[in-house]
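Visitor: Residue-level listing of the chains:
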Amino acid sequence: MPLTINHVLAQIRAELDLSSATEEDVIAEIRTHLEDAVDAARAAGTSEEVALLKVAEKFGVTEVGKALQDVHLGWESTDAIVATILPVLGALLLRWLVFDPAGTALGWQVVLNRPAFWLVALVMLLLPLLQWRRWRYALIVWGLFWVLSIIFVIFPAASYWQGGGEICVYPCS
Amino acid sequence: MSLRDQMRKGSTEILILSLLADQPMYGYQISQELAQRSSGYFDVKEGLLYPTLHRMQQAGLLQSQWQETETARRRKYYALTAKGREVLADQASEWQEFMRHLQAMLAS
Chain R
101 MPLTINHVLA QIRAELDLSS ATEEDVIAEI RTHLEDAVDA ARAAGTSEEV
151 ALLKVAEKFG VTEVGKALQD VHLGWESTDA IVATILPVLG ALLLRWLVFD
201 PAGTALGWQV VLNRPAFWLV ALVMLLLPLL QWRRWRYALI VWGLFWVLSI
251 IFVIFPAASY WQGGGEICVY PCS
Chain A
40 MSLRDQMRKG STEILILSLL ADQPMYGYQI SQELAQRSSG YFDVKEGLLY
90 PTLHRMQQAG LLQSQWQETE TARRRKYYAL TAKGREVLAD QASEWQEFMR
140 HLQAMLAS
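Chain order of the listed sequences is R and A.
Quick note: the first sequence uses this note's numbering, first residue 101, plus one each step.
Quick note: the second sequence uses this note's numbering, first residue 40, plus one each step.
These are calculated hints, taken from the structure and not from any lab test.
Hints are not guaranteed to be accurate.
[Said to hold, decoys possible] Far from chain A by the CB rule (all over 12 angstroms, computed), these chain R residues:
#1 T122
#2 L168
#3 I185
[Said to hold, decoys possible] In the DSSO-like style, the derived pairs of lysine-lysine whose C-alpha atoms are separated by at most 30 angstroms in a straight line are:
#4 K166/R with K115/A
#5 K122/A with K48/A
#6 K115/A with K158/R
#7 K84/A with K122/A
#8 K166/R with K154/R
#9 K158/R with K84/A
#10 K154/R with K122/A
#11 K48/A with K84/A
#12 K48/A with K115/A
#13 K154/R with K115/A
[Stated by the list, open to error] Quick look at which bits of chain A chain R covers, simulated, 3 or more residues with Cβ under 8 angstroms:
#14 61-69
#15 77-91
#16 110-116
Ideal Cβ placement from N, Cα and C applies to all residues, glycine included.
Using the sequences plus the hints, can you model the full thing?
Guide: Okay, structure coming up:
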């Protein structure tokens, strides 16, 4: 099977583990470079397949992929940390609003009357509308935050109704 | 790694900065200009320019912009930032001082 630019790009992509947006950007830039280099080699009289072999060798496919991964990894990790901080801060803020000082959600009905609770909840719901390069990590944290929030609110609520309107610690005796 | 390779590696950044001081360029153009202006001395593995370019952009020395050409081929052009120009001036001064001292040492 003759070597194609897509094969060369696949080898480089195999070395990358970055966000899809960054990978697409890097690959698009390299594709243009390879196309320019092949065009120049062909204009000099080299056949297309030989031209691409020479271009790929001169480009340094595997080592370039590894070097690009190293350059972007630190940058992307920072993005992930920054993106993840928002849901974590929101979770801490909501926890502070929902739970009483004893660390239980027994007074959860009171929370529903607090505008601050609804404001924070609304901001947290809209958070995925933000665009971050490593947002998928933040989405996991965001999802986990909501699952835990729902569990912590539903259990005391269930206890409340199970106890005939009396607040009790779940499971009610 | 040979002395020549070490020197080339250490000077890649200032070479790119000095090339882009004239005009914005894309990766392939930079590699060709490097090879042409140095008569092949700085004819390095072309792909290794990209990690350097991206690192320099992250450091705020360069900014990039995609542009579409007449052939509908999209190219990412790199240009110096104000910080990049400052670093170029500093590094050029450092290199000249280094070369002056080295030549003095070799002459003695």
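Visitor: Each hint: holds or not?
Guide: Verification of the supplied hints:
At roughly 10 angstroms from the closest C-beta of chain A, the C-beta of T122/R falls inside 12 angstroms, breaking its exclusion from the interface. Its beta-carbon lying about 5 angstroms from the closest one in chain A, L168/R breaks the requirement of being farther than 12 angstroms from that chain. A cut-off of 12 angstroms between C-beta atoms confirms that I185/R is not in contact with chain A; the least separation is 20 angstroms. Using a Cα cut-off of 30 angstroms, the hinted pair K166/R and K115/A holds, with the two alpha carbons roughly 21 angstroms apart.
Of the supplied pair hints, the one linking K122/A and K48/A holds, its CA atoms being roughly 21 angstroms apart against a limit of 30 angstroms. A distance of roughly 20 angstroms separates the Cα atoms of K115/A and K158/R; the hinted pair therefore holds under the 30 angstroms criterion. This hinted pair checks out: K84/A and K122/A have alpha carbons roughly 27 angstroms apart, not beyond 30 angstroms. Annotation: proposed proximity of K166/R to K154/R holds, straight-line Cα distance about 20 angstroms (limit 30 angstroms).
Straight-line distance between C-alpha atoms of K158/R and K84/A comes to about 5 angstroms, which keeps the hinted pair within the 30 angstroms bound. As the CA atoms of K154/R and K122/A are separated by approximately 37 angstroms, the hinted pair breaks the 30 angstroms bound. Between the alpha carbons of K48/A and K84/A the distance comes to roughly 11 angstroms, so the proposed pair stays at or under 30 angstroms and holds. A hinted pair counts as satisfied when its Cα atoms are at most 30 angstroms apart, and K48/A with K115/A qualifies at roughly 23 angstroms.
Between the alpha carbons of K154/R and K115/A the distance comes to roughly 23 angstroms, so the proposed pair stays at or under 30 angstroms and holds. Chain R is given as covering the stretch 61-69 of chain A, and this holds because 3 residues of the stretch bring a CB closer than 8 angstroms to a CB of that chain, at least three being needed. Look at the stretch 77-91 of chain A against chain R: 6 of its residues bring a Cβ nearer than 8 angstroms to a Cβ of that chain, three or more, so the hint holds. For the stretch 110-116 of chain A, the assignment as covered by chain R holds, since 4 residues bring a beta-carbon within under 8 angstroms of that chain's beta-carbons and 3 suffice.
Checked against the numbered hints given earlier, the structure breaks hints 1, 2, 10 and satisfies all the rest.
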